[in-house]
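A.B. asks: Chains as they are written, first to last, in full-length UniProt numbering: chain B, 1 to 386; chain W, 1 to 386; chain G, 1 to 386.
In short, the hints are calculated from the structure, not lab data.
Among the hints, a few may not be true.
What the hints assert, rightly or not - Beyond 10 Å from chain G on every Cβ pair, some chain B residues (computed):
| no. | residue |
| --- | --- |
| 1 | Met52 |
| 2 | Glu80 |
| 3 | Ala311 |
| 4 | Ala317 |
| 5 | Val367 |
What the hints assert, rightly or not - If the Cβ cut is set under 7 Å, some of the chain B residues that face chain W in the computed set are:
| no. | residue |
| --- | --- |
| 6 | Thr39 |
| 7 | Ser78 |
| 8 | Pro243 |
| 9 | Thr302 |
| 10 | Ser304 |
Just so it is clear, CB atoms sit at the ideal spot from N, CA and C, and this is done for glycine as well.
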Amino acid sequence: MSTETPDAALETELAALPLVDHHVHGASADDLGRDVFETLVTESDRPIPAFMTQFDSQIGFAIRRWCAPVLGLPAHASPEDYLARRAELGAAEVNRLLLTASGVGRYVVETGYRGDDVLSPAGMTAVSGRPAHEVVRVERVMEDVAASGVAAADLPGRFREELRRRTEHAAGLKSIVAYRHGFAFDPAPPGEREAVAAAGRWLADAERTGEWRVSDPVLLRLGLWAAAERGLPLQLHAGYGDPDVELHLCDPLLLTRWLKLVEPTGTDVLLLHCYPYHRNAGYLAQVFPHVYFDVGLGVNYTGSRSAELIAESLELAPFAKILFSSDAWGPAELHFLGAHLFRRGLGRALRHWVDAGEWSERDAVRVARMIGVDNALRVYRLEDAP
Amino acid sequence: MSTETPDAALETELAALPLVDHHVHGASADDLGRDVFETLVTESDRPIPAFMTQFDSQIGFAIRRWCAPVLGLPAHASPEDYLARRAELGAAEVNRLLLTASGVGRYVVETGYRGDDVLSPAGMTAVSGRPAHEVVRVERVMEDVAASGVAAADLPGRFREELRRRTEHAAGLKSIVAYRHGFAFDPAPPGEREAVAAAGRWLADAERTGEWRVSDPVLLRLGLWAAAERGLPLQLHAGYGDPDVELHLCDPLLLTRWLKLVEPTGTDVLLLHCYPYHRNAGYLAQVFPHVYFDVGLGVNYTGSRSAELIAESLELAPFAKILFSSDAWGPAELHFLGAHLFRRGLGRALRHWVDAGEWSERDAVRVARMIGVDNALRVYRLEDAP
Amino acid sequence: MSTETPDAALETELAALPLVDHHVHGASADDLGRDVFETLVTESDRPIPAFMTQFDSQIGFAIRRWCAPVLGLPAHASPEDYLARRAELGAAEVNRLLLTASGVGRYVVETGYRGDDVLSPAGMTAVSGRPAHEVVRVERVMEDVAASGVAAADLPGRFREELRRRTEHAAGLKSIVAYRHGFAFDPAPPGEREAVAAAGRWLADAERTGEWRVSDPVLLRLGLWAAAERGLPLQLHAGYGDPDVELHLCDPLLLTRWLKLVEPTGTDVLLLHCYPYHRNAGYLAQVFPHVYFDVGLGVNYTGSRSAELIAESLELAPFAKILFSSDAWGPAELHFLGAHLFRRGLGRALRHWVDAGEWSERDAVRVARMIGVDNALRVYRLEDAP
Numbered sequence: 001m002s003t004e005t006p007d008a009a010l011e012t013e014l015a016a017l018p019l020v021d022h023h024v025h026g027a028s029a030d031d032l033g034r035d036v037f038e039t040l041v042t043e044s045d046r047p048i049p050a051f052m053t054q055f056d057s058q059i060g061f062a063i064r065r066w067c068a069p070v071l072g073l074p075a076h077a078s079p080e081d082y083l084a085r086r087a088e089l090g091a092a093e094v095n096r097l098l099l100t101a102s103g104v105g106r107y108v109v110e111t112g113y114r115g116d117d118v119l120s121p122a123g124m125t126a127v128s129g130r131p132a133h134e135v136v137r138v139e140r141v142m143e144d145v146a147a148s149g150v151a152a153a154d155l156p157g158r159f160r161e162e163l164r165r166r167t168e169h170a171a172g173l174k175s176i177v178a179y180r181h182g183f184a185f186d187p188a189p190p191g192e193r194e195a196v197a198a199a200g201r202w203l204a205d206a207e208r209t210g211e212w213r214v215s216d217p218v219l220l221r222l223g224l225w226a227a228a229e230r231g232l233p234l235q236l237h238a239g240y241g242d243p244d245v246e247l248h249l250c251d252p253l254l255l256t257r258w259l260k261l262v263e264p265t266g267t268d269v270l271l272l273h274c275y276p277y278h279r280n281a282g283y284l285a286q287v288f289p290h291v292y293f294d295v296g297l298g299v300n301y302t303g304s305r306s307a308e309l310i311a312e313s314l315e316l317a318p319f320a321k322i323l324f325s326s327d328a329w330g331p332a333e334l335h336f337l338g339a340h341l342f343r344r345g346l347g348r349a350l351r352h353w354v355d356a357g358e359w360s361e362r363d364a365v366r367v368a369r370m371i372g373v374d375n376a377l378r379v380y381r382l383e384d385a386p
Numbered sequence: 001m002s003t004e005t006p007d008a009a010l011e012t013e014l015a016a017l018p019l020v021d022h023h024v025h026g027a028s029a030d031d032l033g034r035d036v037f038e039t040l041v042t043e044s045d046r047p048i049p050a051f052m053t054q055f056d057s058q059i060g061f062a063i064r065r066w067c068a069p070v071l072g073l074p075a076h077a078s079p080e081d082y083l084a085r086r087a088e089l090g091a092a093e094v095n096r097l098l099l100t101a102s103g104v105g106r107y108v109v110e111t112g113y114r115g116d117d118v119l120s121p122a123g124m125t126a127v128s129g130r131p132a133h134e135v136v137r138v139e140r141v142m143e144d145v146a147a148s149g150v151a152a153a154d155l156p157g158r159f160r161e162e163l164r165r166r167t168e169h170a171a172g173l174k175s176i177v178a179y180r181h182g183f184a185f186d187p188a189p190p191g192e193r194e195a196v197a198a199a200g201r202w203l204a205d206a207e208r209t210g211e212w213r214v215s216d217p218v219l220l221r222l223g224l225w226a227a228a229e230r231g232l233p234l235q236l237h238a239g240y241g242d243p244d245v246e247l248h249l250c251d252p253l254l255l256t257r258w259l260k261l262v263e264p265t266g267t268d269v270l271l272l273h274c275y276p277y278h279r280n281a282g283y284l285a286q287v288f289p290h291v292y293f294d295v296g297l298g299v300n301y302t303g304s305r306s307a308e309l310i311a312e313s314l315e316l317a318p319f320a321k322i323l324f325s326s327d328a329w330g331p332a333e334l335h336f337l338g339a340h341l342f343r344r345g346l347g348r349a350l351r352h353w354v355d356a357g358e359w360s361e362r363d364a365v366r367v368a369r370m371i372g373v374d375n376a377l378r379v380y381r382l383e384d385a386p
Numbered sequence: 001m002s003t004e005t006p007d008a009a010l011e012t013e014l015a016a017l018p019l020v021d022h023h024v025h026g027a028s029a030d031d032l033g034r035d036v037f038e039t040l041v042t043e044s045d046r047p048i049p050a051f052m053t054q055f056d057s058q059i060g061f062a063i064r065r066w067c068a069p070v071l072g073l074p075a076h077a078s079p080e081d082y083l084a085r086r087a088e089l090g091a092a093e094v095n096r097l098l099l100t101a102s103g104v105g106r107y108v109v110e111t112g113y114r115g116d117d118v119l120s121p122a123g124m125t126a127v128s129g130r131p132a133h134e135v136v137r138v139e140r141v142m143e144d145v146a147a148s149g150v151a152a153a154d155l156p157g158r159f160r161e162e163l164r165r166r167t168e169h170a171a172g173l174k175s176i177v178a179y180r181h182g183f184a185f186d187p188a189p190p191g192e193r194e195a196v197a198a199a200g201r202w203l204a205d206a207e208r209t210g211e212w213r214v215s216d217p218v219l220l221r222l223g224l225w226a227a228a229e230r231g232l233p234l235q236l237h238a239g240y241g242d243p244d245v246e247l248h249l250c251d252p253l254l255l256t257r258w259l260k261l262v263e264p265t266g267t268d269v270l271l272l273h274c275y276p277y278h279r280n281a282g283y284l285a286q287v288f289p290h291v292y293f294d295v296g297l298g299v300n301y302t303g304s305r306s307a308e309l310i311a312e313s314l315e316l317a318p319f320a321k322i323l324f325s326s327d328a329w330g331p332a333e334l335h336f337l338g339a340h341l342f343r344r345g346l347g348r349a350l351r352h353w354v355d356a357g358e359w360s361e362r363d364a365v366r367v368a369r370m371i372g373v374d375n376a377l378r379v380y381r382l383e384d385a386p
């Protein structure tokens, strides 16, 4: 450290932090043409309209600014040059370069969303050389049980059993009740009879349509409560996402009553993303000992504005309750930017407070380590993991 | 450009942009006394309380700071000096000075709110020398049809016919369903029978009271759907406005289901103002190809805070989906400040990112042009307009 | 002033402002051990989890940074050193040091929350040498009347009578309907028969359980309307608070219809705290002449982020409608930080605008005085108070 100016300690430490990306999906092993690439760097599920390009957005500019140099191009390379270079290198090399440059030390990978189209946890480890742990999607397990053939009366029990089996080596669970129904649901666990009746309706419908997508609120509550009782850290999508969500129904405050009911189970609840309700999430993380949150996903999509988003996340919540994630899925640009923009934005907020004399630099370094690494290791019990 | 420092390019370009003010009303041709003036620079419809002056507000300070010099006074002139100078010059000269100084290149004028009390589109052109296009207020057309004498059974048809007639040369439509009911309405188009029944109730009431104000949600939905089917760009008031709104019912997220239903018509939907829900609007503009938004009105009323509001509007939405408007009505100070604060606030956000090395200056200039001019020309199909 | 640089006028004036803390509770006269101290510097009512310390939060860092020097320690002292020093000095000296250092000129003290566990208004005056006025909690008066033994039929009348008696010398009233029910209530005053029926149910329950806590919405409305008719300034808890609130039901916008109904009584309504809905409160304060707000409580808990919170509160509301409060209860650190962070954050926002040429320094000083002192003196009619 002798060659550095004293006040560079924070930035040096931040750059070197082996971040735990506590909610991420696999990188894509495929070469991605422009059309596909653009649709993977937006939460819209519509085709990109002809009058625009998704490169003209905060995330598009962030890719050209920060990813281009990782691929050996000048900053602000054109989309055409960027995609040509990407194609020239090939997906495997692009992934290797971007995952390595991210400096992520450990991945906690959710496998429930199109897990076969992207790298598995083992695949992420193979490319990055970093350990990867699995998070299991609750609703996916229920859908698999249903699709495998089960009587309605057996569904609750079979589901709980399968959840136990599938999570034997898992680091946590994830629920997407936000997407499937929103948070305005009855917070109490459903009765067994109620659950079986709902299962009966669902299975009959699904057999008729061939569509095994669980969206009945009774069954979603069955899933949530089974997850809470499983005792693993439980991630909940909250806030911003694709147009399947009705965003105002994904305000985590709507979970208040459920959070109170689930508190005695001792299960930790991790609110993911939360944008634009991250201040609300910070409130929940202050008042409830079992509630945590992050601002992943929003960091990537707000690009040069992400420093403000991160600063807003540092208000009410104790620093032991804030985590880092990228929520990347597919293009490894998302994995890299999640980590890069987080380091940059967190560093900017902390540097501002240190320079204004409000925080000590030592405290700033300590908080960066808590949010970027230590809180996740503790919550997911990975302190002694390989 | 040779006489400029390289990094002044953005500011020079911004200052020269011939902005398209895509949602504005006419300037007032009247001389305005202090009482009237103050009530026109707030969204309150109450008399200004005796214990305060509306000059002691962000917009009041902005008028004294930025409009005073346009009228030949020093910055921060007192309210008394400002209004005296305004009276001395007369409304016509004040309008000429402020509209000219705004640098607006084209007006898209909504004529449905007390249109007879302010300049018409032609009047705006006469004062400013700039082309003006008309936006027709949907509810106004329905009210005119009702007041002109029509049987309930004929109202839906006559309304659609009149809407077509009145918009033959219009650039777009505007709905104020936010004011009349809020966004918590059944998103589906009403059935013809349902609409006729609602028309019957409304016409009977209106004949009795002499008040032709449409607020029945069935009729408002009739208006919205007729507007969407007309195919012109459709503006919706969202968020902040006068105390007629219940602001929490004007969160544009409440439109999510309606936006999905209306998407197949191909009609572009422009969410106006949106404060304090502009981040929510940005989300909708990212995920739905037909959704656009602006932060007009809020820019004027937040004054020296408007740079932050504008920066917050530059998060999720692709840059092709953000527009500029002032929503000015009456005092030409509002027309001028809308443009001036927009240039200033956008410039500050972009300059910050350029100086931090996150954006190229060339991209910043390009985005300023998109938001200030090009997106509106494209959406309203004015590229080849005179 | 001759020894100062001209542009320090704002900071000098701000530091010297005899702030009116218009919503505060008493300081604790007890020596506070670490466990108790930590639970008093969070809105959580749960024990601090073993894996964390509340010192690792914005407010914890603010205590170490700003309170430590007041107690004679270096900035950023460790929690251990800080609490040891606090114990060494004793509660009385700690209170004297912190209340004096706050520079608060006048306290408006709400006595309804565990008033016996902290200093009374007279006790605050004794320690600080500053006048203190009382604000009476509406629900507390109703509960006292009920617990004293009253027939249901007499409760409304006896309550109104007692409210009058208890507020004979009070500066204002406070309602916690936000905590007890949230703001989604019928805005109209309850009928007498309805109120008596609700009182009957409540009294019967309370006699059975021994728990005299009013939460019936009919009785809460009775309280609110009686308070509005009393004519004193009426404070309403809004937004952020302990986990008794369901935060989304404390958005002050949900009061819109009630605010309209209560407007003709001429009673001023003061929305307290409001975080994270302070922008919504600013809107209400712009459009309704009788609505005021502050961002107390949130300022303390956001610590080094409080400057941004304060800046966000300076958007729509006329400057005559914004007040200062700390909402401190217990540790005098909260009383001191409320004032210190307010001066610091307001100063930073105003300095930024003065330096950018948007505000004159004279206006900035004037606005600081309005928000910090004059608005409260006017609303609570304390201009001529001793």
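A.B. asks: Out of the numbered hints, which ones does the structure contradict?
C.D. replies: Violated hints: 3, 4, 5, 6 and 7; rest satisfied.
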